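Protein chains in written order, with the numbering used here: chain A, 77 to 581; chain B, 77 to 581.
If you are wondering where the hints come from, they were derived from the structure by calculation, not from laboratory data. Fair warning: there could be bad hints in the mix.
Because identical chains cannot be distinguished in the list, a pair is counted as satisfied if it fits within a single copy or across any two copies.
Unchecked claim - When the alpha-carbon atoms are kept at most 25 Å apart in a straight line, the in silico SDA-like pairs for lysine to any residue are as follows:
| id | residue 1 | residue 2 |
| --- | --- | --- |
| 1 | Lys573 | Ile445 |
| 2 | Lys130 | Glu174 |
| 3 | Lys187 | Thr148 |
| 4 | Lys514 | Gln265 |
| 5 | Lys187 | Gly365 |
| 6 | Lys187 | Glu359 |
| 7 | Lys401 | Leu146 |
| 8 | Lys397 | Tyr470 |
| 9 | Lys187 | Ile82 |
| 10 | Lys130 | Ile82 |
| 11 | Lys281 | Val132 |
| 12 | Lys573 | Glu452 |
| 13 | Lys187 | Ala357 |
| 14 | Lys130 | Phe181 |
| 15 | Lys85 | Asn184 |
| 16 | Lys85 | Val132 |
| 17 | Lys165 | Leu146 |
| 18 | Lys281 | Val428 |
| 19 | Lys573 | Glu247 |
Please read all numbers here as calculations on a predicted model, not as lab measurements.
Protein chains: 2
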Amino acid sequence: MEPREIILKELLEASHLQGIEALLGWDQETYMPEGAGAARSEQVAYITTLMHSKLVGDPLKNALEELIDLQTGELRIMTLSDRETRQLKEIWRDYRQESLLPTEFVTNLAKHASVSQQAWVRARKDNDFAFFEPFLTEMVQLQKEKANYLGVGTTPYDSLLDQFEPDMTSEKVASLFTEIRERLVPLIQNIREVKHRVNGSVLTKEYDVDKQWDFGIAMLEGIGFNSNMGRQDRSAHPFTTSTHPTDVRTTTRLRENDLKSALLSTLHEGGHALYEQGLPAEEYGNPLGQSISLGIHESQSRMWENLVGLSPSFWRYAYPKLQAKFPDQLRNTDQEMFYAAMNRVRPSLIRVEADEATYNLHIMLRFEIEKMLINEDFPVAELPQLWNEKMEEYLGVTPPTDSEGVLQDVHWSFGAFGYFPTYTLGNLYSVQFYNQAKLDLPGLDESCARGDFSSLLGWLREHIHSVGRGRKAEELVKEITGQELSAQPFMDYLEDKYKIIYNID
Amino acid sequence: MEPREIILKELLEASHLQGIEALLGWDQETYMPEGAGAARSEQVAYITTLMHSKLVGDPLKNALEELIDLQTGELRIMTLSDRETRQLKEIWRDYRQESLLPTEFVTNLAKHASVSQQAWVRARKDNDFAFFEPFLTEMVQLQKEKANYLGVGTTPYDSLLDQFEPDMTSEKVASLFTEIRERLVPLIQNIREVKHRVNGSVLTKEYDVDKQWDFGIAMLEGIGFNSNMGRQDRSAHPFTTSTHPTDVRTTTRLRENDLKSALLSTLHEGGHALYEQGLPAEEYGNPLGQSISLGIHESQSRMWENLVGLSPSFWRYAYPKLQAKFPDQLRNTDQEMFYAAMNRVRPSLIRVEADEATYNLHIMLRFEIEKMLINEDFPVAELPQLWNEKMEEYLGVTPPTDSEGVLQDVHWSFGAFGYFPTYTLGNLYSVQFYNQAKLDLPGLDESCARGDFSSLLGWLREHIHSVGRGRKAEELVKEITGQELSAQPFMDYLEDKYKIIYNID
């Protein structure tokens, strides 16, 4: 076999393992019996180890070495097409990252991640940070080691961030966050001070969860989710995973007195799922068949959640249907009132339930804390106190319990440090992309108001989904919008939007 | 590491893969979206290949070779305990079987099994044997090759049978089947001719499936199923699988107008599940932690389904509860009538819905046909005709469609030839075991009538489940009952039972 064939065969097999690992994870969060946790940890760790061994194994390494200098990434053959060159460079990037981590470390990390995540579930349920603390301490230590092995960034934290958002730096993130904060804090202040009040109580009436489920599925399929190649289930925390582009799974969380959460999390995960379903199938098993970065992934979820799902035109289409589903609850609420309720701005405790404005403050807080944990020696035991102080500083609220505070998010438990900033980056990308889509697709608002999302989905498929990892994030945004990644369009969007909803002069 | 440590480590890793493969299979039959079939085939085939490579790989082979002669199975060290000797012999048996199969063959077989099973699903749904035919033809060919590689039996079919029921031969099966047939045919004839009729129509009224589900779960937990370490779901065809002893999954099939099927398939799968949950946890990852054979496995499912679930004492306990669940449907049916309805004997088309007597004729027919397919060159295209002729001969009924005939069972589609006889072997074992349990546990009937199954489960745990593969099937039955495997207790049981139900002199 030619070196390229060998490489693609090895990567295809690694993709089988990745898909299988995704199924193990999905099952763990949806249907796995509680008593199976320890066994599942072993299984996941074993698959992770196999995947690592495959990705740093001799067959791949030797074949790769014939085509590219493993140290510098310089090509050794000149006959490759642009597409093949890009593919090879990305394969090399993955190889380098993987090969910096010793197999034993990968196994230990995978085992601890699974155990620690299960400890978090229990700690959160019991509001018992002390129980979680040793697991998190160990995880922070492992992440420091990982950063040390990787060593790609100017700080340990930058090495971790780079895994989720390639080539992004914490300096760049900090600069964007500062820009956002400078406009966001006065905006939120303004909203608090204007006379106009938005009443959100309609969203916390009692809504039958089976009906919420049915409405959610209809919405999901309405925006283009292919249920023949995916499914939705319920889980404690909504997520999307993919065992293969033909098997993309989302979950949602339904609570009787929280309609907004069900609607928006369904659209959010739907956005992730549409991206996964739209990746180029013919490139399955190599980087060109994968998503670019978590920031770009998040741009897709936040676009469907916020720019579509929190827009007036979406509810022009969807609200009559929602009213028909819940006639009693929505009888006295007109479309405009409902739209305003969905968009109410109010500092709150829980990130995933935050409005579009305050959401980013939750991210900034996490970004600061995780830098302290990774770059400094901040003691994990003091995390609840730090969290609560920062919540007061950023959002003016103090969590009454750790479950509603430092324990609310799963990410740190399984070692995802450097992940949070990608949520706000996703917000920025989403507005830049959506502005361009509106320019490219005259009448987009009207289409949405008719419940026809095919032009938008087609645009995303063409410009983003089908690209796979054929571009870097910064190249993609430049190519699509002609601009660099920027906070300005996002902040303009927020200010314009809330000016109307809150009658701000 | 010592050779024994290496062996156990390699086998433990193979068990991780086996558990993962079980999850992939479970998911395929329960929740996997339809469009993911092709990708799932690749994933399953890859895991199967990894498992094979692990089981025949050098680490295991070299370590094993230090302890045992790989050709003859003769021990090379004399310091092992009885338990260790048994363990090593079983490991060697598995190794030998696995090492006779080339890796490429294993991969191809696994791929074809998955594809062919999916083709069967479609063919059965569409009543289209012609669509399935080429897949089955290819599978028969692969099974002949497999038998040829294994070469342990006097006929190719015997090599395949040996995989499911070690050391069993088709000659022995045929002799048991002849014995059964000689008493079964007149018994069924008798039942047909006596005046007494049993009315089964109460079982085909409309029963809400959610209530059937609730009753089934209560029954399952009532017999001792641990829901913290397992779960039940719905699937087209009930089955039980285990990703680990702490994660044992059964499925059931619910139809509004088929109460009997739901009740009995739940108890049947429950019996399999109790066995899996009762295997010795400390032996997980080596043969001593596994079940003995499919026949012994089936003895557990058939015991709970038939000897418990079709007994008068079980319904003395359960019928009042069932009546409370379905007061309208069961108002005019007393316990005795219900018990008789559940036990009605009538030749029918579908194996899994057959009564205890005619069930075995379905098995004999399959045994004869699969021997023809594997040992001779019987053309697959003529299978529907052969099937229908034999149905007429054995049961006096002719399937109106292939879906209700030759396409009804999944087994052949994924290559399980030699599997069917274990169902009837299970029936024989179950009665021999249950007779002994009754001797050992005075008052067993009365316990069951109180809904207390703990003494029976305790007996099974002690004598069968906890043994793992520490005995061969023939040793186990001898040890527990003092007798060889025999058809006589089973036939005595059936004759005694139906004499009462059908008022036979």
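Okay, the hints, checked on the actual structure:
| no. | hint | verdict |
| --- | --- | --- |
| 1 | Lys573 to Ile445 | neither (30 Å within a copy, 73 Å between copies) |
| 2 | Lys130 to Glu174 | both (10 Å within a copy, 23 Å between copies) |
| 3 | Lys187 to Thr148 | neither (32 Å within a copy, 40 Å between copies) |
| 4 | Lys514 to Gln265 | neither (30 Å within a copy, 79 Å between copies) |
| 5 | Lys187 to Gly365 | between (28 Å within a copy, 23 Å between copies) |
| 6 | Lys187 to Glu359 | between (31 Å within a copy, 21 Å between copies) |
| 7 | Lys401 to Leu146 | neither (59 Å within a copy, 69 Å between copies) |
| 8 | Lys397 to Tyr470 | neither (38 Å within a copy, 58 Å between copies) |
| 9 | Lys187 to Ile82 | between (30 Å within a copy, 21 Å between copies) |
| 10 | Lys130 to Ile82 | both (12 Å within a copy, 21 Å between copies) |
| 11 | Lys281 to Val132 | neither (54 Å within a copy, 61 Å between copies) |
| 12 | Lys573 to Glu452 | neither (39 Å within a copy, 77 Å between copies) |
| 13 | Lys187 to Ala357 | between (31 Å within a copy, 20 Å between copies) |
| 14 | Lys130 to Phe181 | both (15 Å within a copy, 22 Å between copies) |
| 15 | Lys85 to Asn184 | between (27 Å within a copy, 16 Å between copies) |
| 16 | Lys85 to Val132 | both (14 Å within a copy, 22 Å between copies) |
| 17 | Lys165 to Leu146 | within (10 Å within a copy, 47 Å between copies) |
| 18 | Lys281 to Val428 | within (20 Å within a copy, 48 Å between copies) |
| 19 | Lys573 to Glu247 | neither (29 Å within a copy, 82 Å between copies) |
The structure shown violates the earlier hints numbered 1, 3, 4, 7, 8, 11, 12, 19.
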